[in-house]
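Listed here are the chains, written in short residue letters.
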Amino acid sequence: MRIVVCGVGALGSTAVLFIRNLGAELRVVDFDRVETKNVAAQWFVKQSVGKNKAEAIRLQLANFYGGKAEAMTVKLVDNNAAQLLEGCDLAVDCFDNADSRLVLAEAARAKPVPLVHAALAADGTFGMIRWDERFAPDREDAEGQATCEGGEHLPLIGVVGATLARAIQDFMKSGARDDYFISLSGVMRTS
Amino acid sequence: MTVLNITFQGQSADYKLQIDWNASDADVRRIAVELVRSGGARGLHVAHLRDDAFASFVVDRVRSANGEDRIYLRPKVPFGSAR
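Residue numbers (the numbering used here), protein chains in the order written: chain V, 1 to 191; chain D, 1 to 83.
Simulated from the structure, these hints should not be mistaken for laboratory data. Fair warning: there could be bad hints in the mix.
[Unchecked claim] One side of the interface only, derived from the structure: several residues of chain D facing chain V at Cβ under 10 Å:
| no. | residue |
| --- | --- |
| 1 | K16 |
| 2 | S56 |
| 3 | Y72 |
| 4 | V77 |
[Unchecked claim] Simulated DEER-style distance windows between Cβ atoms:
| no. | chain 1 | residue 1 | chain 2 | residue 2 | range |
| --- | --- | --- | --- | --- | --- |
| 5 | V | S185 | D | D51 | 43 to 49 Å |
| 6 | V | G150 | D | R63 | 49 to 55 Å |
| 7 | V | Y65 | D | D52 | 45 to 51 Å |
| 8 | D | A26 | V | F64 | 18 to 24 Å |
| 9 | D | S24 | V | T36 | 41 to 47 Å |
| 10 | D | A65 | V | P155 | 22 to 28 Å |
| 11 | V | V45 | D | A65 | 33 to 39 Å |
| 12 | D | E34 | V | E152 | 26 to 32 Å |
| 13 | D | Q9 | V | D78 | 38 to 44 Å |
| 14 | V | G50 | D | D52 | 31 to 37 Å |
| 15 | D | L17 | V | D78 | 23 to 29 Å |
| 16 | V | K46 | D | L17 | 36 to 42 Å |
| 17 | V | G66 | D | R42 | 45 to 51 Å |
Quantities reported herein were computed from a predicted structural model and do not represent experimental measurements. Backbone N, C-alpha and C fix where the C-beta goes; we use that ideal spot for every residue, glycine too.
Extracted from the complex, chain V is given alone in its bound form:
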């Protein structure tokens, strides 16, 4: 099975860490670069600062765990989305904005490729894992709104990333498409 993880910031990078041993081939997509502040809340080390995030994930998997990933260092947009999903059996949406989520969803439905979405509240108080058939993206309250990047929400990011990894594992095992809500009081499977 080949899995493509779209967006490897807080959630995507954490999820990759937890799915690295599932036996799937991994492809990661991100155009952005690792900034110093990202080290606080995302699975990047100081040595990755300045590198493209997808490439940094590939290098960290190789250097720390002997793992492999294919790094796609581009922004997913209308005219390359189908190509980025090519040959994949599962797509994972960890983008940070509704527009990118919609482009990915449209491409995944057209293939079709199963798609699971993961998302966080800006204040680090709520997270969600939802399969595409039950997902509608939330818009930011204001464009460019601060995200969970200071590090103080790392425990919740970890829980959401691990729950996403578990949802992926269950899908690989049995085809299950379970949704989860992650609040400060616990994880609730909702489907």
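The hints should help you fit chain D onto chain V, whose structure is shown.
Structure of chain D alone, referenced to chain V:
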């Protein structure tokens, strides 16, 4: 019986109440304001909460894996990764 879960100001609380699972989003937000004002939801007590405190919050209706009817009043979740 429906469980209303409210996530607000760094707290999350469940509250069992008699409410139609299909009650309108506006009704859910209004009931939640009264609950938080009254302190009825554990850990969430703001006596002078504004009427529009939950205006930007999302109402989700789900049936949990154990068959429980749940309504979540939650902040928006736009983010998967930081730009």
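*Could you tell me which of the numbered hints above are not met by this structure, giving the numbers in increasing order?*
1, 5, 6, 8, 14, 15, 16
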